[in-house]
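One-letter residues, chain by chain:
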Amino acid sequence: MSRHSPFHERTAALCTSYRWKEWAGYHAVCSYDTSVEREYFAFRHAAGLLDASPLIKYDVRGPDAAAYLSRLSVRRIDKLAVGRVVYCCWVDDRGHVIDDGTIARLDEDAYRVTTGEPELWWLEQNRRGYDVSVEETTHRYGVLALQGPSSGAILSAVTGTDLTGLRYFGLTSARLADRDVLVSRTGYTGDLGYEVWVEAEHALPVWDTLMTEGRAYGIVPAGLDALDVTRIEAGYLLLGIDYKSAPRCLIDAQKSSPYEIGLGWMVQLDREPFIGQAALRAEKERGSEWALVGLDVSWTALEALYERHGLPPSLATHAWRTAAPLYDGKRQIGQATSGTWSPTLKRNLALATVRRGYDRVGTRIEIETTVEYRRHTIPATVVDRPFFDPERRRS
Amino acid sequence: MAHYDAIIIGGGHNGLVSAAVLAKAGRKVLVLERRHVLGGAAVTEEIYPGFKYSVCSYVVSLLRPEIIRELQLPRFGLEILPLDCSFLPLPDGRSLARWGDAERTRAEVSKFSARDAERASQFGHAMVRMGQLVRPILKMVPPSPGSMNPSQLLDLLQLGRRFQGLGPEGLALATKMMTMSAADFLDEWFESEALKAPMSVSGIIGTFQGVRSPGTAYVLLHHYMGEIDGAYRSWGFAKGGTGAISNAIADSARHFGAEIRTEAPIGRVRIEGGKATGVILENGDEIAANVVVSGVDPHRTFLGLVGEEHLDPDLVKRIRRFKMRGSSGKVNLALDRAPSFTCRPGDGPHIRGDIAIAPSIDYLERAYDQAKYGEFSTRPYLNVVIPSLTDPSVAPPGKHVMSCFVQYAPYRIKEGPEHWPEKREAFGDTVVDTLEEYIPDIRDIILHRQVLSPWDLEQEFGLTEGNIFHGELSLEQLFFLRPTADWSRYRTPVRHLWMCGSGTHPGGGIMGAPGWLAAREMLRAGGV
Ligand SMILES: Cc1cc2nc3c(=O)[nH]c(=O)nc-3n(C[C@H](O)[C@H](O)[C@H](O)COP(=O)(O)OP(=O)(O)OC[C@H]3O[C@@H](n4cnc5c(N)ncnc54)[C@H](O)[C@@H]3O)c2cc1C
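Protein chains in written order, with the working numbering: chain B, 1 to 395; chain P, 1001 to 1528.
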């Protein structure tokens, strides 16, 4: 049985499509409307308001918190300033990724960690010897992701503070609807966006104020389906879909290192020991077997394929996550794990894992696709990620 | 003196597309635009402070996705937001909203006719099938019907095959589409006026014909060929107004190396020895180029910039007969708040799409009757959109812009077109009066009004007779007949002078296809 988010009263009333799914033990809206379009475009043109309360949260406190988190993470956390957030991943002894998420430094000795799966076991297991406490606080806070070009203007209006100056991955406290909230400039849409953190019992007035004041700026409540399209355009990974959490894998072949899922850039090898350091160093020297890439699947080829069947080209309006094999001639060289038609770019995008040697931008490979129950392959090209990267995301 | 590979006359979106394609292929390109802003009929202007009007065109559907991709338009700011609803308010208090969601539409239509509600999706399917037939034509340079050139013959053959592939039923439907009036054609499918009237208007937009004029059914099809999402979709707004489309194309062109100048009106194409060798600006400056590409309409190109003395009299005659006949105007409003319709009060998704004032076929035909005799319709067909509800960037928070496309407003009013300036405000009043029947307090919330008659469209935007498509999109003026049978392949009788505007195949609308096809044809032919 899933639980209700602190915003449930509001989201349930608005969700006329009855399209829900389970997210980390919560009911979460897929799309409020029967179609995902309006919500997607709100993220890209105005502002979408997404209930992100199910995000798993741990508060880590104590004098050793920085050292402890640094030992756990592939990047240094001890240098993280108060009021800053980082995106990060965690690996096991063998350098296989367990999870990815954010770490925010709330205070001198207080951090908030978010993860995709429950990882308390792991945080607890590695706590020995550090003067820290770890507490799951998922249920204590409501989280709203307000994402899109007008998100900054809305938040500034409702908090009465100019938040447009808040830097990318910055964090600040503010007053909203007479409540204390935290605002971080973070998100999963690859656009200008913020997350608002509020204690659960104050959740509803915060939602109401945002919705009322946001109206003039085109605010639209948005669900996970729209988010999924934007996160693929932004080239962001989804745990469990684009890679698997090592401790949850049945066979080694399902596990990945940060290098293999495009997160090699965040690994900081030369520092105090951290979990997975030796394995990652060895892999860095050896080179990785796999790489995560962005694919542009040829629309012209797809159109021609449909044409051969006498059909107009058709695509789902939402993102897909049923993996598709990739080929170089007859040889299977990897798989596309999720993808979407990008309404903004007019391109057919996919995230894929490919063998070493197929990851250079411009490499042409083939992807399997089915039209009228028949299997075909069509060309796809390795392209840069993010696929869509508006300046406003960081500026 | 500077020398270019190509000079493009006019910075309309088609001229800009041509410029970008040529520049991307490494050519040295110069675009010269008469006005102070780029975009031609696809332009956003802040006529009233804080309110950005899409002054002329207001929705986009046909902009080719291959252009968006190849010219990397999203990178240069292009974002298109789909319209999810077509709303028809009725004076008797009823209303019909048609949605992207088929079930929701069925429920709405069944208030008028249960039978029509079910037929609507079948009609959609039939149109998609017809669209499939016509769509490749949009991507192809028209073959000359009499040509013996093998590649052109092949194109014709393939077209023929497509028609054959339709089978008898499909062929019958195709033939009906090409010969019937929009009203008759829809009569074969539907019984309720509330469905037929707003659907029929797509057959007459930009033409000087009525919904009962034969041949208008064909243009209905264009509505099913919109390609917002690569698949067959209908209409959308460009974020920032339709000018954002032109600006994105211009930025792409600049990125590939094209040079663009505004406030640079061209007086003449320089012709030496029967060949175009450059242009002469109105201020007398001459600029040389290997080829000159005209993005302005065929009238203006041949009779204005080239001059009859360089043309065969027969061609002059045919160009004169090419129907321009502007029939529409535009009223743009700045509103203090979102309007509320009596029949469905308050804000809501129903006013976020396009809103048609087209209560019945008779209403539309009556509007045309007045136009036939040189008057603007006292109760015109209106196509209204309020883009600021979807794209808050075009108006201050809480305020709105309302765009009203108005038909009929004949260019040749009986007093003579030059008398339009005296009638302009009366024409604007008519539009507001019409709106008032559905939005009683509209007058109280209007902060500013801009009225454009066909005369204004001609004077300000260089559209001959105010024709929004550089010539009517009627069957006898399309494909290998656009603008004339001999010169439908972007070439002209003047060597090194090309055309790339809406007056060439596949025609008007924010499609970019004429500019795209023309530039590619030039590159294929060589000499640029
Ligand atoms: C009121 C109105 C509403 C419309 N609504 C829609 C709509 O909603 N959706 C849609 O798809 N289409 C619509 N259209 C049609 C569409 O806007 C046009 O078909 C299209 O924009 C034409 O593009 P173009 O590049 O071919 O020509 P234009 O946009 O006409 O460009 C020609 C350019 O040449 C310039 N020029 C002219 N003479 C000279 C000269 N001597 N020297 C230099 N420059 C010169 C002009 O200033 C202009 O910029 C509408 C048009 C109008 C007028």
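Hint data in this document are derived by calculation from the structure and do not stem from the laboratory. Backbone N, C-alpha and C fix where the C-beta goes; we use that ideal spot for every residue, glycine too. Be a bit skeptical, because a hint or two may be false.
[Stated by the list, open to error] Per the computed footprint, the stretches of chain P lying under chain B, defined by three or more beta-carbons under 8 Å from a beta-carbon of chain B, are:
| no. | stretch |
| --- | --- |
| 1 | 1081 to 1095 |
| 2 | 1099 to 1112 |
| 3 | 1287 to 1301 |
| 4 | 1389 to 1395 |
[Claimed, not checked] Distance windows between CB atoms, simulated:
| no. | chain 1 | residue 1 | chain 2 | residue 2 | range |
| --- | --- | --- | --- | --- | --- |
| 5 | B | H376 | P | H1125 | 18 to 26 Å |
| 6 | P | S1121 | B | E391 | 56 to 64 Å |
| 7 | B | P205 | P | A1107 | 33 to 41 Å |
| 8 | P | L1171 | B | H376 | 52 to 60 Å |
| 9 | P | K1323 | B | H376 | 43 to 51 Å |
| 10 | B | E391 | P | A1107 | 29 to 37 Å |
| 11 | B | G160 | P | K1111 | 42 to 50 Å |
| 12 | P | H1125 | B | E124 | 57 to 65 Å |
[To be verified] Example chain P residues on the side facing chain B (calculated, C-beta under 7 Å, incomplete):
| no. | residue |
| --- | --- |
| 13 | Q1132 |
| 14 | L1133 |
| 15 | K1239 |
| 16 | G1398 |
Against the structure, the hints come out as follows:
With a cut-off of 8 Å between beta carbons, the stretch 1081 to 1095 of chain P has 3 residues touching chain B; three or more are needed, and the interface restraint holds. Beta-carbon proximity to chain B at under 8 Å applies to 4 residues in the stretch 1099 to 1112 of chain P; the threshold of 3 is reached and the given coverage holds. Given as covered by chain B, the stretch 1287 to 1301 of chain P fails the check, having 0 residues with a CB less than 8 Å from a CB of that chain where 3 are the minimum. For a cut-off of 8 Å, the count of residues in the stretch 1389 to 1395 of chain P with a CB near a CB of chain B stands at 5, and the three-residue condition holds.
In this structure, H376 (chain B) and H1125 (chain P) meet the distance hint of 18 to 26 Å, their C-beta atoms being roughly 24 Å apart. The hint said 56 to 64 Å for the Cβ distance between S1121 (chain P) and E391 (chain B), and at roughly 42 Å that hint is violated. Checking the proposed 33 to 41 Å range against P205 (chain B) and A1107 (chain P) shows it holds: the Cβ atoms sit about 35 Å from each other. Checking the proposed 52 to 60 Å range against L1171 (chain P) and H376 (chain B) shows it is violated: the Cβ atoms sit about 30 Å from each other.
Checking the proposed 43 to 51 Å range against K1323 (chain P) and H376 (chain B) shows it holds: the Cβ atoms sit about 46 Å from each other. Checked against the hint of 29 to 37 Å, the pair E391 (chain B) and A1107 (chain P) fails, with Cβ atoms roughly 43 Å apart. As the Cβ distance of G160 (chain B) to K1111 (chain P) is approximately 46 Å, the hint placing it in 42 to 50 Å holds. For H1125 (chain P) paired with E124 (chain B), a C-beta distance near 59 Å keeps the hint of 57 to 65 Å intact.
Below 7 Å, beta-carbon pairs count as interface contacts, and Q1132 (chain P) has one with chain B at about 5 Å; its hint therefore holds. Violation of the interface hint for L1133 (chain P) is found here, the shortest Cβ-Cβ separation to chain B being roughly 10 Å, above the 7 Å cut-off. For K1239 (chain P), the interface hint holds, since its Cβ comes within 7 Å of a Cβ in chain B; the closest pair sits about 5 Å apart. For G1398 (chain P), the suggested interface contact is upheld, since its CB lies about 4 Å from the closest CB of chain B, less than 7 Å.
Of the hints listed earlier, those the structure fails to meet are numbers 3, 6, 8, 10, 14, in rising order.
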